[in-house]
Amino acid sequence: MPEIRVVNFCKYFGKVKAVDNVSFDVKDGEFVALLGPSGCGKTTTLLTLAGIYKPTAGEIYFGDELVNDVPPKYRSVGMVFQNYALYPHMNIFENIAFPLRAKKLPRDEIEKRVKEVARKLMIDQLLDRRPSQISGGQQQRVALARALVKEPAILLFDEPLSNLDAKLRMLMRAEIKHLQSELGITSVYVTHDQAEAMTMASRIAVFSMGKLVQYGTPDDVYDRPKNMFVAAFIGNPPMNFLEGFTVVGDNQKLHARRGNIRVELPKEARNRLENAPRENLVLGIRPEHIKIHFKEKENTIPGLVYVLEPLGRDLIVNVKLEDTDEIVKIFAEPGVDFEEGQKVYMEPWVDKIHLFDPQTEETLL
Amino acid sequence: MEGVKKYQLTFFQRNSQKIAQVIIVLILILVTSPIILGYAWLILRSFSEDIVQGFIPTKLTLKNWRFLWQNIEGYPSIWKITMNTFLLALGVMVIEILITSMGGYALSRYEFPGRSSILRLILVLHAFPAISLMVAIFYVLWNLGLLNKLWGIILVKASLEIPWGTWVMKGFYDGIPWELEWAGLVDGYSRLQVWRKVILPIAKPGIAVTGIFAFLSGWSEFVFVNTFIFEQQTWTLSKYVKGIIGDFRFVDYGLLTAVGLFYVIPTIVFFFFVSKYMIKLTIGGVKG
Chain A
1 MPEIRVVNFC KYFGKVKAVD NVSFDVKDGE FVALLGPSGC GKTTTLLTLA
51 GIYKPTAGEI YFGDELVNDV PPKYRSVGMV FQNYALYPHM NIFENIAFPL
101 RAKKLPRDEI EKRVKEVARK LMIDQLLDRR PSQISGGQQQ RVALARALVK
151 EPAILLFDEP LSNLDAKLRM LMRAEIKHLQ SELGITSVYV THDQAEAMTM
201 ASRIAVFSMG KLVQYGTPDD VYDRPKNMFV AAFIGNPPMN FLEGFTVVGD
251 NQKLHARRGN IRVELPKEAR NRLENAPREN LVLGIRPEHI KIHFKEKENT
301 IPGLVYVLEP LGRDLIVNVK LEDTDEIVKI FAEPGVDFEE GQKVYMEPWV
351 DKIHLFDPQT EETLL
Chain B
1 MEGVKKYQLT FFQRNSQKIA QVIIVLILIL VTSPIILGYA WLILRSFSED
51 IVQGFIPTKL TLKNWRFLWQ NIEGYPSIWK ITMNTFLLAL GVMVIEILIT
101 SMGGYALSRY EFPGRSSILR LILVLHAFPA ISLMVAIFYV LWNLGLLNKL
151 WGIILVKASL EIPWGTWVMK GFYDGIPWEL EWAGLVDGYS RLQVWRKVIL
201 PIAKPGIAVT GIFAFLSGWS EFVFVNTFIF EQQTWTLSKY VKGIIGDFRF
251 VDYGLLTAVG LFYVIPTIVF FFFVSKYMIK LTIGGVKG
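Which chain is which? The protein sequence lines are A and B, in order. Read in order, the letters of the first sequence are residues 1 to 365 in this note's numbering. Read in order, the letters of the second sequence are residues 1 to 288 in this note's numbering.
Hints in this document: simulated from the structure, not taken from any laboratory. We treat Cβ as the ideally placed atom computed from N, Cα and C, and that holds for glycine. Keep in mind that a hint or two might mislead.
Only some residues are given here: those of chain B computed to face chain A with a beta carbon under 7 Å [as the list claims (entries may be wrong)]: (1) E49; (2) W182; (3) L185; (4) V186; (5) G188; (6) Y189; (7) V198.
With a straight-line Cα cutoff of 25 Å, these simulated BS3-like cross-link-like pairs (lysine-lysine) come out [stated by the list, open to error]: (8) A:K352 / A:K253; (9) A:K103 / B:K80; (10) A:K115 / B:K197; (11) A:K329 / A:K291; (12) B:K197 / A:K104; (13) A:K320 / A:K343; (14) B:K80 / B:K242; (15) B:K149 / B:K239; (16) A:K112 / B:K197; (17) B:K80 / B:K59; (18) B:K239 / A:K54; (19) A:K211 / A:K253; (20) A:K15 / A:K320; (21) A:K297 / A:K320.
Only part of the chain B face toward chain A is listed, based on derived beta-carbon distances under 10 Å [claimed, not checked]: (22) K59; (23) T61; (24) E179; (25) L180; (26) E181; (27) D187; (28) I202; (29) K204.
Looking at chain A on its own, in the form it has when it is part of the complex:
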């Protein structure tokens, strides 16, 4: 059954390289998210999987079959669009039945299957309404029902939740994930929301400017970002970057240093940094990987509390460095009180430190 393989896929519109030499694969039953900012080529990739665009170069396989030139109707693909794309002149029943009518199924079979999927998505009381008469969340369910009713081998989602309000989005996020794992349909999900990608997908493909930057599990892209783009794009608030560090070392330990600031680097850095540049590097630390001290301590970065952002469960402390005015965001431990203007010392977790080369923006650790 369908394992999707995308090999050296390129799509150009005139001179614009929308997608440039992208390769990845999706295992049978897997849920993969294509993540990136708008205009990064993720939707173009999805539409090519659907068969609406043809690749300029490269190959797309469903299982063993090369599908580059196969039109959408022969692909057994279901798709959910961002604006739902419900047919405004048909009622909900006809909308959901539309893919089945294409297959010329008998009337009672169509009715049975539409009712079944409508019941599953809890829209069975809406069947004789028009799309304009139901809410955005309900339209979303109808779009999902229409994609599912023909029992496709592959499900494609194009930012399906971005038109919903925040609360509904959280609800549908879990529901789509549950539905996907229950039905086991191979799914590709396009989103610009890193939280959606992290929570739903088994693997995330991070796109930037038409290229696939990193492809891995949510833990992979979160804990081991390949470059500064991925590090900044995934995580909320994003990773803190501090510029201009030099790697210095004695026999025991390696440190990253800038002026009076000195931060300890993990042990494995010694091997990894052997052939790497050592000067003017970017230090990356996630907000939750910093411990705040009130007394001076070795291997810490001093700063003043700039502003506090309480989130109820969490507290984000913004600390301003005295020398460069850089702001560092930190998830503070619960139960500690802070005052604005207070002097603090930030200690990064040694094994959670990232180091990037500012020229290539690639990771060095």
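Assemble chain B onto chain A, guided by the hints.
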């Protein structure tokens, strides 16, 4: 609330919105009064023996409407003429809808060589005064054996209306989101099927508007009928009215107003359809 200073508003400040509205309405009445008075006169005159003082009808009568149940001397039956006019209008409408609904779609959705020059040419074509083509059209119709035939007029009229209609339809198709088309393709239909089952029904208001305008332009066509039709039996209403205004006898104003009113009725009826669709120009159902 002692010590709170009250603002004293003048009468004009308090009623500025109302006053502005009154002024606007007065201006509109003034501007439209020639048209309104014209139609009022037309209606009053057609139902009265005579008009005195320019506006006051005397003695109600249906005499002026006698053309409905008897032939006016020297003219063919009004019903035959009305049928001709209707066929002309219908023919123009059907041909125009058939071609513009497909042409507009192609221009809206497909990239093909020459597309932008076609779009530009369409506008030029529409700006072209038809009267300057008269001699050329005469030759074409003559050679096709379509002179003095309704079919000839229908083809000429439709071909002159099609550029504009195509432009209008293109506009309607442009407003339909691509996602609907993509959804149709993914749902298992071919491009042509998607056009027929999804796009066309959504473009219905556009088709209605184009069709109604085509119908009305056919209904009110005069120049080509006057030039290319020689037999009374093939006349249309515009030519009939022209005949009554007459070259060779004194004008029967009562008859003229009644026929004129009769001629305008479909236009007025259609206007209500158009206005309904004009308001519905936006496409419903797809929340952006």
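Hint check results:
The criterion of a C-beta within 7 Å of any C-beta in chain A is not met by B:E49, whose closest approach is roughly 54 Å, and the hint is violated. Because the beta carbon of B:W182 sits about 5 Å from the nearest beta carbon in chain A, less than 7 Å, this interface hint is met. The beta carbon of B:L185 comes within 4 Å of a beta carbon in chain A, closer than 7 Å, and the hint placing it at the interface holds. Because the smallest distance between the Cβ of B:V186 and any Cβ of chain A comes to about 4 Å, under 7 Å, the interface hint for this residue holds.
Proximity of B:G188 to chain A holds as hinted, the smallest CB-CB distance being about 3 Å (cut-off 7 Å). At its closest, the beta carbon of B:Y189 sits 5 Å from a beta carbon of chain A; the interface hint therefore holds under the 7 Å criterion. Because the closest C-beta pair between B:V198 and chain A is about 6 Å apart, less than 7 Å, the hint holds. Straight-line distance between C-alpha atoms of A:K352 and A:K253 comes to about 16 Å, which keeps the hinted pair within the 25 Å bound.
A distance of roughly 50 Å separates the Cα atoms of A:K103 and B:K80; the hinted pair therefore is violated under the 25 Å criterion. Distance check on the hinted pair: A:K115 and B:K197 sit about 22 Å apart at the alpha-carbon level, within 25 Å; holds. As the CA atoms of A:K329 and A:K291 are separated by approximately 11 Å, the hinted pair is consistent with the 25 Å bound. Using a Cα cut-off of 25 Å, the hinted pair B:K197 and A:K104 holds, with the two alpha carbons roughly 15 Å apart.
For the given pair, A:K320 sits about 10 Å from A:K343 by alpha-carbon distance, which is consistent with the 25 Å threshold. Among the hinted pairs, B:K80 with B:K242 is consistent with the structure: their alpha-carbon atoms are about 16 Å apart, no more than 25 Å. With a CA separation close to 14 Å, the supplied pair B:K149 and B:K239 stays within the 25 Å bound. Between A:K112 and B:K197 the CA atoms are separated by roughly 23 Å; this keeps the pair inside 25 Å, and the hint holds.
Restraint check for B:K80 and B:K59: the C-alpha separation of about 31 Å exceeds 25 Å, so the hint is violated. Note on B:K239 and A:K54: the hinted pairing is violated, with a Cα-Cα distance of about 57 Å set against a maximum of 25 Å. Restraint check for A:K211 and A:K253: the C-alpha separation of about 37 Å exceeds 25 Å, so the hint is violated. Proximity of A:K15 to A:K320 is assessed by CA-CA distance (about 44 Å); at most 25 Å being required, the pair is judged violated.
For the hint pairing A:K297 with A:K320, the CA-to-CA distance comes to about 18 Å; that is within 25 Å, so the pair holds. Annotation: B:K59 was flagged as interfacial toward chain A, and the flag is violated, the nearest CB pair being 54 Å apart, outside 10 Å. Proximity of B:T61 to chain A is violated relative to the hint, the smallest CB-CB distance being about 50 Å (cut-off 10 Å). Here the hint on B:E179 is kept, as its CB sits about 4 Å from the closest CB of chain A, short of 10 Å.
Given hint, B:L180 at the interface with chain A, holds; its Cβ is 5 Å from that chain's nearest Cβ, closer than 10 Å. Hint status for B:E181 relative to chain A: holds, with the closest Cβ pair at about 9 Å, below 10 Å. Taking 10 Å as the C-beta cut-off, the interface hint given for B:D187 holds, the closest approach to chain A being about 4 Å. Annotation: B:I202 was flagged as interfacial toward chain A, and the flag holds, the nearest CB pair being 6 Å apart, inside 10 Å.
Annotation: interface hint on B:K204 holds; nearest CB of chain A at approximately 8 Å, less than 10 Å.
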